[in-house]
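Quick mapping for you: the protein sequence lines, in order, are chains A and B. Here the first sequence is numbered in the numbering used here, starting from 1 and rising by one per residue. Here the second sequence is numbered in the numbering used here, starting from 1 and rising by one per residue.
Hints were generated in silico from the structure; no laboratory data involved. Just to be clear, a hint being listed does not mean it is correct.
Since the list can't tell identical chains apart, any single copy or any two copies may satisfy a pair.
[To be verified] Derived DSS-like pairs (lysine-lysine); straight-line CA-CA distance at most 30 Å: (1) 7 - 50; (2) 7 - 84; (3) 7 - 135; (4) 135 - 50; (5) 135 - 87; (6) 135 - 84.
There are 2 protein chains.
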Amino acid sequence: MTTPSSKALVPFVSVDHMMQLVHHIGLPAMLRGLADYIEDDFRRWADFDKTPRIASHSADGVIELMPTSDSESYGFKYVNGHPKNMKNGLQTVTAFGLLADMDTGYPVLLTEMTLLTALRTAATSALVARYLAPKNATTMAMIGNGAQSEFQSLAMQAICGITHVRLYDIDPAATAKVVRNLTGTGLHVTACTTPEQAIEGAQILTTCTADKQQATILTDNMVGAGVHINAIGGDCPGKTELAAAILHRSDIFVEYPPQTRIEGEIQQLAADHPVTEIWQVITGAATGRRDARQITLFDSVGFATEDFSALRYIRDQIQGSAFFQPLDLLADPDDPRDLYGMLTRAAN
Amino acid sequence: MTTPSSKALVPFVSVDHMMQLVHHIGLPAMLRGLADYIEDDFRRWADFDKTPRIASHSADGVIELMPTSDSESYGFKYVNGHPKNMKNGLQTVTAFGLLADMDTGYPVLLTEMTLLTALRTAATSALVARYLAPKNATTMAMIGNGAQSEFQSLAMQAICGITHVRLYDIDPAATAKVVRNLTGTGLHVTACTTPEQAIEGAQILTTCTADKQQATILTDNMVGAGVHINAIGGDCPGKTELAAAILHRSDIFVEYPPQTRIEGEIQQLAADHPVTEIWQVITGAATGRRDARQITLFDSVGFATEDFSALRYIRDQIQGSAFFQPLDLLADPDDPRDLYGMLTRAAN
Numbered sequence: 001m002t003t004p005s006s007k008a009l010v011p012f013v014s015v016d017h018m019m020q021l022v023h024h025i026g027l028p029a030m031l032r033g034l035a036d037y038i039e040d041d042f043r044r045w046a047d048f049d050k051t052p053r054i055a056s057h058s059a060d061g062v063i064e065l066m067p068t069s070d071s072e073s074y075g076f077k078y079v080n081g082h083p084k085n086m087k088n089g090l091q092t093v094t095a096f097g098l099l100a101d102m103d104t105g106y107p108v109l110l111t112e113m114t115l116l117t118a119l120r121t122a123a124t125s126a127l128v129a130r131y132l133a134p135k136n137a138t139t140m141a142m143i144g145n146g147a148q149s150e151f152q153s154l155a156m157q158a159i160c161g162i163t164h165v166r167l168y169d170i171d172p173a174a175t176a177k178v179v180r181n182l183t184g185t186g187l188h189v190t191a192c193t194t195p196e197q198a199i200e201g202a203q204i205l206t207t208c209t210a211d212k213q214q215a216t217i218l219t220d221n222m223v224g225a226g227v228h229i230n231a232i233g234g235d236c237p238g239k240t241e242l243a244a245a246i247l248h249r250s251d252i253f254v255e256y257p258p259q260t261r262i263e264g265e266i267q268q269l270a271a272d273h274p275v276t277e278i279w280q281v282i283t284g285a286a287t288g289r290r291d292a293r294q295i296t297l298f299d300s301v302g303f304a305t306e307d308f309s310a311l312r313y314i315r316d317q318i319q320g321s322a323f324f325q326p327l328d329l330l331a332d333p334d335d336p337r338d339l340y341g342m343l344t345r346a347a348n
Numbered sequence: 001m002t003t004p005s006s007k008a009l010v011p012f013v014s015v016d017h018m019m020q021l022v023h024h025i026g027l028p029a030m031l032r033g034l035a036d037y038i039e040d041d042f043r044r045w046a047d048f049d050k051t052p053r054i055a056s057h058s059a060d061g062v063i064e065l066m067p068t069s070d071s072e073s074y075g076f077k078y079v080n081g082h083p084k085n086m087k088n089g090l091q092t093v094t095a096f097g098l099l100a101d102m103d104t105g106y107p108v109l110l111t112e113m114t115l116l117t118a119l120r121t122a123a124t125s126a127l128v129a130r131y132l133a134p135k136n137a138t139t140m141a142m143i144g145n146g147a148q149s150e151f152q153s154l155a156m157q158a159i160c161g162i163t164h165v166r167l168y169d170i171d172p173a174a175t176a177k178v179v180r181n182l183t184g185t186g187l188h189v190t191a192c193t194t195p196e197q198a199i200e201g202a203q204i205l206t207t208c209t210a211d212k213q214q215a216t217i218l219t220d221n222m223v224g225a226g227v228h229i230n231a232i233g234g235d236c237p238g239k240t241e242l243a244a245a246i247l248h249r250s251d252i253f254v255e256y257p258p259q260t261r262i263e264g265e266i267q268q269l270a271a272d273h274p275v276t277e278i279w280q281v282i283t284g285a286a287t288g289r290r291d292a293r294q295i296t297l298f299d300s301v302g303f304a305t306e307d308f309s310a311l312r313y314i315r316d317q318i319q320g321s322a323f324f325q326p327l328d329l330l331a332d333p334d335d336p337r338d339l340y341g342m343l344t345r346a347a348n
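Next comes chain A alone, as it looks inside the complex:
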């Protein structure tokens, strides 16, 4: 056994460490903290080197790399999306990510991101809803009660102050799970048996279903005036959740148009259909909600800067903590040109 030098060691946050960190910080505080970091990075949008994620599609799913960088740091996430996994007892989405120093190229953080993606997705949805949802929104309809739904509900509570969640899923067992999980959180939770029932009285409509296909989770006649739609399940080519007619009645807000036009609900629309970039709303360069009867739609597919923000947040939170382990990921010979010498010396 050769003892690696500190330069060779990369802090690694396992799933277990991430769960400990969430409980140490507290979930609502962590969702708010993540939203702050995400907001900060949207505010300095021009600083980032941006590219649509790089996807590898197979019959049953997709594997994606989502890189971005500013002048100081580089981040990327590996994430898969395999809807059929659930039937085999596997996660639809798993992820991990890395933050590195642009100046040296050396990684400074490797972390699980299955949980962290759920948290940052929820934090992003709630951050955007804080800008776009009707004033004093109290109620969210949550359509699709999978792994993301509790995090969406709690983020909307922690960041937007909603008090009521109305649940619907084609599988009542999924809804029952969320009802159970949200007990004791302070949210008033209603299990609904139809999507129409779920959206009754809701100012925020969140759709998060997992089928990889063109689906119509919300039809045109279900959506009244004065709501904010948070559409997060339509996130890859050929996968959408909303009737096109809804899109034509909505003002549409997106993260990064070159990616959203490929993956989002707006893949159903003409390539030049007007959209507003959410960073423009956050900086004040564009108007968000103009009036109480407007339908705002956040066509969210998840963008690399949100993962970058989450990686920055975790890096800052674990400083000096016990919530990581050093990983021997990088070769670090005494003389950097002598990689071979390091190898031969390891034989002794």
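Given chain A's structure and the hints, the job is docking chain B onto it.
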């Protein structure tokens, strides 16, 4: 502490484990094994989803992601190139990589790739030289005596049967390091004080220098007829090693033209300058060396399939061995939709 299930655990090969594995297999045998896997994957070139690597450039270096996949597996490598790192006691190139199952998107291997990249690069160079170098080549000139040079020398010995290496570097200390490291390997090693001296009598000319700039390591008048040039240092935009006149006298072989035209020596040439893809030579679809006086040039920049081959090799070698540790990288709740429940139960 929650004990993760086996589905959540990804085999991780640390730098220390990789070094142990190399010594367990033996370096020459490992280089030959890697070359076999690389050759197999070049033979089924059409099976791969290919893309030029995704680069993030900064003033002092580059961070790259190199993904590829076939119908069964997905692989990618993270790799940086920061020439100035060496002055600060850091590696110019560090890397790690991942292999995943296309069917589920679940990672099946995470491994250090700083050492593995050095090995696969050398194995690729020697594999290609076996196809292109003059028959019965005995001598390689190794220009640039950095971290890659011992691996190049030993791969050319193990795979092409060369017996003599002639070394040159602008820094005599680098050359002295290689002389020292190659003692006892069976190679006849000569330290040279000029590049002209290094190439005397050599049938294979390997250039591997690290400056991020247009350099002229080999000038036109240095290169005689009947040699094979293995140019591996010119591997990003603005970084080349050969005088353009040499390129015009050579038959040029490349890995993946869309990437090589951006990064390789041929960035100096017209975008339609004829090149031969090396997989075509390996399958017999194209001719490699036609005659003894021809100059063949392998304009190598390193391609994602070579890393994929290396990842496959390591996955196969570590089965049932002690050369890895299980890493708690993936969240794996009992009910895949109940990520939140897994999190709350971890609090107890």
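Hint check results:
no.: 1; hint: 7 - 50; result: within (29 Å within a copy, 33 Å between copies)
no.: 2; hint: 7 - 84; result: between (41 Å within a copy, 16 Å between copies)
no.: 3; hint: 7 - 135; result: neither (50 Å within a copy, 44 Å between copies)
no.: 4; hint: 135 - 50; result: neither (32 Å within a copy, 48 Å between copies)
no.: 5; hint: 135 - 87; result: neither (40 Å within a copy, 57 Å between copies)
no.: 6; hint: 135 - 84; result: neither (38 Å within a copy, 53 Å between copies)
Consistency with the previously given hints fails for numbers 3, 4, 5 and 6, ordered from lowest to highest.
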